[in-house]
Every structure is written in structure tokens, then in C-alpha cells.
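Same order as they appear, the protein sequences are chains A and B. Residue 135 in the numbering used here is what sits at position 129 of the first sequence, and the numbering runs on without skipping anything. Residue 275 in the numbering used here is what sits at position 269 of the second sequence, and the numbering runs on without skipping anything.
The set of hints was computed from the structure by calculation and includes no laboratory data. The structure presented is a predicted model; accordingly, all values stated were derived computationally and were not measured. One thing to keep in mind: the hints can contain errors.
Same chains, same names: a pair is fine if it fits in one copy or spans any two.
[Claimed, not checked] Result set (EDC-like, lysine to aspartate or glutamate): computed pairs, CA atoms no more than 16 Å apart in a straight line: (1) Lys232 <-> Glu75; (2) Lys261 <-> Glu225; (3) Lys354 <-> Glu17; (4) Lys354 <-> Asp49; (5) Lys261 <-> Asp224; (6) Lys218 <-> Glu10; (7) Lys232 <-> Glu45; (8) Lys13 <-> Glu45; (9) Lys195 <-> Glu149; (10) Lys354 <-> Glu10; (11) Lys363 <-> Glu286; (12) Lys211 <-> Asp37; (13) Lys232 <-> Asp42; (14) Lys125 <-> Glu97; (15) Lys232 <-> Asp48; (16) Lys354 <-> Asp48; (17) Lys189 <-> Asp208; (18) Lys354 <-> Asp281; (19) Lys354 <-> Glu45; (20) Lys129 <-> Glu97.
There are 2 protein chains.
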Amino acid sequence: MQFEITKDFIEEVAQLIATKDSTQLVELLKDLHPADIAEVLDDLSFDEAVFVMRLLDSETTSDILEELEDDTRARVLEQLTPKEIAQEIDELETDAAADIIAELPDERKDRVIAHLDDKEHAKDIVDLMRYDEDSAGGLMGKELVSVNENFTVKHCVREMRRQAQEIGEVYIVYVVDDEEVLKGRLSLKSLLTANANTAVKDIYKGDIISVKTTDHADEVAQIMQKYDLFVVPVVDQLGHLVGNITIDDVVDYIKDEADKDYQMAAGLTEDVVADDSIFELVKGRFPWLALGLFGSIISVNIISGFGSAMTNYKELFFFTPLIAAVAGNVGVQSSAIMVQGLANNLIKGSMWHRLFKELSISLLNGSILVMIVVVFSHLFGLGWLFSLSIAISLLTVIIIASLIGTFIPLILNRIGIDPALATGPFITTSNDIFGLFIFFYLSKLILGF
Amino acid sequence: MQFEITKDFIEEVAQLIATKDSTQLVELLKDLHPADIAEVLDDLSFDEAVFVMRLLDSETTSDILEELEDDTRARVLEQLTPKEIAQEIDELETDAAADIIAELPDERKDRVIAHLDDKEHAKDIVDLMRYDEDSAGGLMGKELVSVNENFTVKHCVREMRRQAQEIGEVYIVYVVDDEEVLKGRLSLKSLLTANANTAVKDIYKGDIISVKTTDHADEVAQIMQKYDLFVVPVVDQLGHLVGNITIDDVVDYIKDEADKDYQMAAGLTEDVVADDSIFELVKGRFPWLALGLFGSIISVNIISGFGSAMTNYKELFFFTPLIAAVAGNVGVQSSAIMVQGLANNLIKGSMWHRLFKELSISLLNGSILVMIVVVFSHLFGLGWLFSLSIAISLLTVIIIASLIGTFIPLILNRIGIDPALATGPFITTSNDIFGLFIFFYLSKLILGF
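Work out the full structure, taking the sequences as your base and the hints as a guide.
In C-alpha cells:
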């Protein structure tokens, strides 16, 4: 059963650390899952966390290390010698090991690797470090069980037994040929039901879905989701089986990407969370606020350029927040739909088709909104020409805002920039500027001031 | 290897349907994964999709049905008799079967269930339909392999073989006692390495993590992510093993929730995607636009209430979009951090602590922003008192906006409403209103108009 970490529990741990009661502390933590201990450590002060780490055996601490939050881990690792880090790494699976080494400062990386005891393990880790973090190669681990297609079931079980001893859990058995080229997979079910002398060749399933080392992590995530896979084998350009990716790593990736997109849409530049320090939160929030402010200063200048309208059409200036808000809302909706569509590979059809669709939507929504505004401006006591002017300029603003919201993500995506950048403050700020300019310019043309 | 669905391929399929060339069509599709065929069908017209479905055997069509998009599936099912639907359902795993039946109109549900051939399967499906969609019970399936703790390894393998015949894939073997209470799990590894006469009791792992039928799907997702689980057993209140949840269902859930939060933040009320029809997109976008507009109309009224300031302080009206933009951006950042923190269970500490933190952040960010604005307003030719007035009112607006952004999600969460509702247009609109009122009201106090 999982364990719920309560405030009381954290306090109990802190108390035991304060009184240096190591025996009680080890007793208290010994049945906890490493992920739970990591969560406790993340909640303690740094010195307290290091105190606890020193009490536990290296099998447990290596698992804890893997589960700690990035900044806590970085600080803990700073306290350890390269040799101590190497001892932790020796206990870890290759993918976690490569990730943790990659986070170290460059000068420590080589020294840690030199201290690794298991040379085969070290070779695998170094091999994994070649790959780009966001590629299938960067996500995969080297731990897998594979058998030759020419084995019999009996031979195969013996071989699996040998390989399984070295790795944590076996979910799937890969079948390869003499050249280590991936041929298919053996299900536990077929192993259980087959005769001991049957050849693997005769019972394996050849319709295996695999990814290439160079495939992007997004693609891996999409494939695993689409085909409901728990594990996917990774092959090199020649089809050799070089590793496999388990769904837990992909789940973390999907979650991180979703969080990142959400934060970008909200104008947060760093990966900040509610319990970060005040300084980190300021750093994560300031840049977009500043950019938004500079954008707004441009808006102020644009409006002041039409200051002469104040004599006869002062009501125009009451409408500026309305124009800016509508332009912003329309733009954010359009861009969010595009960003999500691009991320999920749902953008089909030509640019012209997209243009037609977006124009229709904004014309439809815009017309109803404009009617509401016209009724209001009439009640507000504005003349018909004035209301007509507001109607025409607001409709234009809505159409332009929706086109900006639609096409900026498309263009960014085409030139290889993450389209999610073009959401939130970016779209609202640029739409404020364009929207206000269009509104005043068209009003000037129609009303003549 | 997975298959990439190209435009050319879709056209080829459409061509073969047009010429009613069934033999060629079956030949073309026979090696495709059902998930790929479903993707092809989603891209075809409805009549074309039905034509293809009629050509394929029920094992394939049931898998396709499971993978189709909701609206396509609903339309396909409308064309089938309850008996035909029951035939498809008979081929599906219990969790997918229960989900599909739940989507049917009420009067068809019972008729489909009555037609199910496999009575054991039908019982399981009906049992699953009792649970809330967003609970562990609603996510779980009945397909699992369990053995009694008193079995020997040999007996156990025989039993697994029998049970495995009826289910698709075996990843984990559960161990239960005579009362069907979950005791632990057997790893493939321990089965491979144990002697045939060893008792299961002596080799199973008892530290199994499980969830209760009534646990919320969010909790299940968090547990599976935290402990890196592929499958998690589900027990009832008395600890009896009643089903299990596989990670693929949880991945779909995580993805859907992330998409929903993102769309809420962008002011989309329905689950719309880029390739939905124009009508659906209008329907998904209009409500928040309309609410935003009504909010803006309030803003227009507030500003016009301060119209007397136009004589001496007309520049105040040039600054309104700046005030609204800054208030909106600050509010969205604060609320996004809270919404994400609440979703990931990261909000710790008291309300007072939260208040202090948010005040500090907004004071820090606000002070720098205000300095920029003061420099600008000076360059813009405004007097010192005027600049001071703008500085004080802008700083107040920033602080209030950040508090609104922080506490509205917290309050919604406390009264049981999804806090994600309080992002995007909701926060920007309410902050526009409050921000503009505060700005003009304070300016009036300081400048005296």
C-alpha cells in the first residue's frame, strides 16, 4: 500500500534529525518506498536531507537520488565526491544514470565515469550520453531481455533467467537474429503455453512496433499512446536492437511538456512551481511582464497619436480596454487551438483551407459580438455613425486578431520554433497593439477627425 | 514497424471505396494496426467509413471501434442494431466495453447488454458500469491473472496458462488469499528463477501498491507516476482484488486533463480541436468571448464615470490599455501557478504564508515595472505628481491583480469547483475591471479631479 506523507510525519522526521536519533530514524524510514523518502527529503532543509542520506544504504539512496527534485539533487550531489557519486550510479539503471551524469558540471562527469565499477554498465551509460535528450536515444535504457530466434523455448527460458538476474523487472522479451537485428517479441503468454522444444522462430510475434534512436521524443510519446504500448524497442539505422523505452519515462515527458505549454501560455518563462522560492518565482514571472509592459507602452503611444479625437469623440477612449480585451481573447483562443493541433498532429489541409475556416469562425463570432456592442453603444448614447464606426472597426480587429493567433504559431512551427511560444502574453500584447491601431485608424477614416 | 498515414494513402482508400473494389481494399488494410485503420476512417466521410467497417471481421472492427474518435464512433454505432453492437462488445476488453456501452443512449444500453453472448463477460461489464467515470473503478478492467498464495510454482504456471488464454497480454501476476484479498505480486523474474515446487507464499512480493475503487482518477495518475507503475491493482473497501488499471488508460486521462486545462486557460468552453467543424469551433469559442465582452462593457462604464478627468488629465485615458494588460498578465501568471500547484499537490503551508509570498513577488516585480513606467511617463512629458500618481496606482493594481489570481483558484478549489476555471479570460476580465477602477479611483484621490 502506498504511504501518505503528512505534515506530522515530516515533523517527526525533523525531530529525530534534531535529536540525532539515527536508530529510530532508520526504523521509521525502512519500509518506505524510495519515492516517498525522496518526497520527505524535498520537504526538509538541505542539511537535514544530507543527514538522512548518510544513514541509508547505497541501494536505497541511489533510488532516492533518482526521485529527488532537480535542484535538491544538484545540491546533494555537490556534497559528494566523484567516487561516492559513482557508487550511487552503479546501482542505477542506465537511463537514470545517464540523465544524472548529464546534469553534473562538465569537469566532474569524466571523473565520475572513471570511478564506475561495472565496466559494462559504464560503457552503456557513456553510449546513452551520445544521444540528444529529446530523442528516442535520450529516453531509452539499455536494460532489456533478448533471445535469438534460433533458440528453443527451453534455451530461451534459461537465457532469460540469466539476463533477468541483472535487471529489475521483465515485461517483454525481444527476439533478434544473429546480427542483433530486431525481429519481434515473445509474449509471456506464448512462453507459458508453448512446448519446451518449440523454436522461438515458430512462436514469436513479428509485428513489433519500434522507434529509431533519432526519432523525437514527441513522436515516441505519440506512438506509445496510439498503440497503447508499455515498452517500445529502439533500433539504430540498421535495425539493430540498441535499447528500449518504458512508458514511465514517456509519461514524465508528456507531463513535463504539458506543464511547459501551460506555463508558456500563462507567460512564465522558467519552470516555476508554487513552492519555489520568491526569487525563483520573480525570475520566472518578470520577463513576460516586462515585455508586456513595453508592448503596452507602444499602445499608449499609438493612442496618444489619435489624441485630437478627444474633442469630438472622447467616447472612443472609453472603448480602448474593450478593444484590447476582445483582440486578446480572440487571439489566445485561435493560437491555443493551433498550438494544440500542431502538438497532436491534427493540422491537416492547406493554408488556404485554414484561412477560410478561421475567417468564417471570426466573422460568425465577430458579428454577434458586434451586434451586442452596437446595442450597448446606442444605450450609451452614441450616434448611429459613431456606433457604425465602432462596429466596423471592432469586426476588423476580431478578424485580424484571429488571423494573427492562427498564423503566428503556424509560421513559428514551420521555421522550427516551438509554436507554444506564441500564446499568452505574446499574442495578447501584439493583438493589443494591432487592435488599438486598427480601431483608431478606421474610426478616423469613418468619423473624420 | 508503425505505419505512417499519408494523404496519398487516404486518397487511395477513398478511390477503392468509390470503385467498390472490396478485394483490393481488404488487401490494402489487412496488415494495418486497428489504431491506424481508425485514423484512416476518421479522415474519411461517414459513408466511406461505414463501407470499410462492413468489410472487416468483427475482431478487427471491435478494435477499430475502440480507437475511433468519440463522434465518429457514435455515428457508426447509430447504424448498427443492438445485436451487432453486442457482437463487437463481445470482442472487447471489459474496460473498453463498459466505456462504449456507457456512451450509448439509455434505451439501447440494456438491449445491447441482453445480447451479449459471454455471460461472464457481460457480468463484468455491468459491474464496471457502476463506478464513476473519474474513479479508479471507472478506469479499471477486469482482465488480470491471479493465483492463490498456497499454490506451488508449478500449479501457479498451470493456472496462469489457463487464465492467460482468455486475456490479451500478461504483465503481472497477482497473489491473493482464499478470500480473494490481494496479498502481493509475482514477478516474471521470480517465476523464471524459482523451483517448480516452491510455494508461491515463499516467493511473492508483499509490498504491492494498490488503489481503491473509489479513489479519484487524479490520485491514480499521481500514484502510477510517482512509483513508475505500468499496472496497478484495484481493491474494494475490504481489500478484495476486483480489477486493475493499465498505464495506457492513465496516459489518456493525463493527456485529456492537460488538454482541458490548457483549453480552459485559453477560454475555450468545449473540447474543440483544430479539425472540428466551423460550427463546433464557434460554439466552443463564443461563450468566453461574450463574457469577456460583457466584462469589458463594465470597464467602459467605469472609465466613462471618470470622464471629468479629460479636461486636465487626458493622458490617463492613454494609459488604460497598459493598466488592463499589466493587470491581466499578472493575474494569469498567479492563477496558472496556483492551478498547476493544486493539480500537482504542491500547495503547502498556510494561507498567510501564501499571502506573504504573493505580496513579496508582486511588490518586487511591480516595483521594477513601475520604475520603467515612471521613466516613460517622464519622457512622455507628464509632470512629477502625475507620474507619481500613475506609479502608486499601477503598483496597487499589480498587487491586487496578483492576489485575485492567487486566491480565486484557492477558493474555488476549497468549495469543490475545478480551479482551472479561474484562468484565462475569467482572470483577465475581472482584473481589467478591478484594475481600471483602482487606477482611476486612486488617480482621482491623488490628482484631485
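Status of each hint after checking the structure:
no.: 1; hint: Lys232 <-> Glu75; result: between (30 Å within a copy, 12 Å between copies)
no.: 2; hint: Lys261 <-> Glu225; result: both (15 Å within a copy, 15 Å between copies)
no.: 3; hint: Lys354 <-> Glu17; result: between (55 Å within a copy, 14 Å between copies)
no.: 4; hint: Lys354 <-> Asp49; result: between (47 Å within a copy, 10 Å between copies)
no.: 5; hint: Lys261 <-> Asp224; result: both (12 Å within a copy, 13 Å between copies)
no.: 6; hint: Lys218 <-> Glu10; result: between (40 Å within a copy, 14 Å between copies)
no.: 7; hint: Lys232 <-> Glu45; result: between (32 Å within a copy, 10 Å between copies)
no.: 8; hint: Lys13 <-> Glu45; result: within (12 Å within a copy, 48 Å between copies)
no.: 9; hint: Lys195 <-> Glu149; result: between (21 Å within a copy, 14 Å between copies)
no.: 10; hint: Lys354 <-> Glu10; result: between (46 Å within a copy, 14 Å between copies)
no.: 11; hint: Lys363 <-> Glu286; result: between (42 Å within a copy, 12 Å between copies)
no.: 12; hint: Lys211 <-> Asp37; result: between (40 Å within a copy, 13 Å between copies)
no.: 13; hint: Lys232 <-> Asp42; result: between (31 Å within a copy, 9 Å between copies)
no.: 14; hint: Lys125 <-> Glu97; result: within (13 Å within a copy, 49 Å between copies)
no.: 15; hint: Lys232 <-> Asp48; result: between (35 Å within a copy, 14 Å between copies)
no.: 16; hint: Lys354 <-> Asp48; result: between (45 Å within a copy, 12 Å between copies)
no.: 17; hint: Lys189 <-> Asp208; result: within (12 Å within a copy, 37 Å between copies)
no.: 18; hint: Lys354 <-> Asp281; result: between (40 Å within a copy, 7 Å between copies)
no.: 19; hint: Lys354 <-> Glu45; result: between (43 Å within a copy, 13 Å between copies)
no.: 20; hint: Lys129 <-> Glu97; result: within (15 Å within a copy, 46 Å between copies)
In this structure, every one of the numbered hints holds.
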